[in-house]
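Enquirer: Protein chains in written order, with this note's numbering: chain A, 1 to 129; chain B, 1 to 129.
Simulated from the structure, these hints should not be mistaken for lab results.
This one's a predicted model, so the numbers in the text were calculated from it and none came from an experiment.
Hints are all accurate, no fakes.
The calculated lysine-lysine pairs, modelled on PhoX-like cross-linking and capped at a C-alpha distance of 20 Å, are:
(1) B/K102 with A/K102
(2) A/K70 with A/K128
(3) B/K70 with B/K128
(4) B/K102 with A/K57
(5) A/K102 with B/K57
There are 2 protein chains.
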Amino acid sequence: MTELNNAHPDDAETYDPSASSLAGQVDASVMEELLSIRSSIDNIDATLVFLLAERFKATQKVGVLKATHKLPAGDPGREAAQIARLRRLAEEAHLDPAFAEKFLNFIISEVIRHHEAIAEDHQASAAKA
Amino acid sequence: MTELNNAHPDDAETYDPSASSLAGQVDASVMEELLSIRSSIDNIDATLVFLLAERFKATQKVGVLKATHKLPAGDPGREAAQIARLRRLAEEAHLDPAFAEKFLNFIISEVIRHHEAIAEDHQASAAKA
Chain A
1 MTELNNAHPD
11 DAETYDPSAS
21 SLAGQVDASV
31 MEELLSIRSS
41 IDNIDATLVF
51 LLAERFKATQ
61 KVGVLKATHK
71 LPAGDPGREA
81 AQIARLRRLA
91 EEAHLDPAFA
101 EKFLNFIISE
111 VIRHHEAIAE
121 DHQASAAKA
Chain B
1 MTELNNAHPD
11 DAETYDPSAS
21 SLAGQVDASV
31 MEELLSIRSS
41 IDNIDATLVF
51 LLAERFKATQ
61 KVGVLKATHK
71 LPAGDPGREA
81 AQIARLRRLA
91 EEAHLDPAFA
101 EKFLNFIISE
111 VIRHHEAIAE
121 DHQASAAKA
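Here chain A stands alone, though its shape is the one from the complex:
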């Protein structure tokens, strides 16, 4: 029995890939095409979740390193370089570069929140020691 099953015993069985507020309101052939595309989107979303989890594992390590050496949570020089690179990669991928930048900022603000929490924990432990 996994932690997941303990936490949410029903979720795994209740996902309905054909859930839609449009059910019964569109032709069967249109719904079939829609569900086929959505099945690809679902696969991509699962990949995104596991990839984001891996990214946070990496930034968690950065957070510990920064807290240990009392370095600031943010690094503006690094962030500017990352944004310029991701905008360039987005153009190559035919993704809106402005969206790529917004996306990175969204992730970075979460990462900085984590880094600050790690630094606070670190200081609290140091104060106790």
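Given chain A, put chain B in place with the hints provided.
Expert: Below, chain B alone, put in the same frame as chain A:
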């Protein structure tokens, strides 16, 4: 010569993976460890950009399908099912489920914006025809 090179001739050469506002302020060994983790983050970020581009290709198809059949841009029944699934996958991946939900909402709001734009284009073309 690619479109990318025409648009931003210098970007490809100017990315500095060691760009940091901390340069010169930390031990060489700490900086080395930081850059090693950041190199993995850079690889993950490139993957995320190309994966997001692929996701928008799929939702673009959904947008055209919805515009053609005059279906609404959003689908609350679908979104609720997606959110529940992604929260469950996030737990499995040890990613904060609340963050996974925020992330999906961030993506969905961009997708709905695209769908509305596609629907407007479609109506404008229909009006001209």
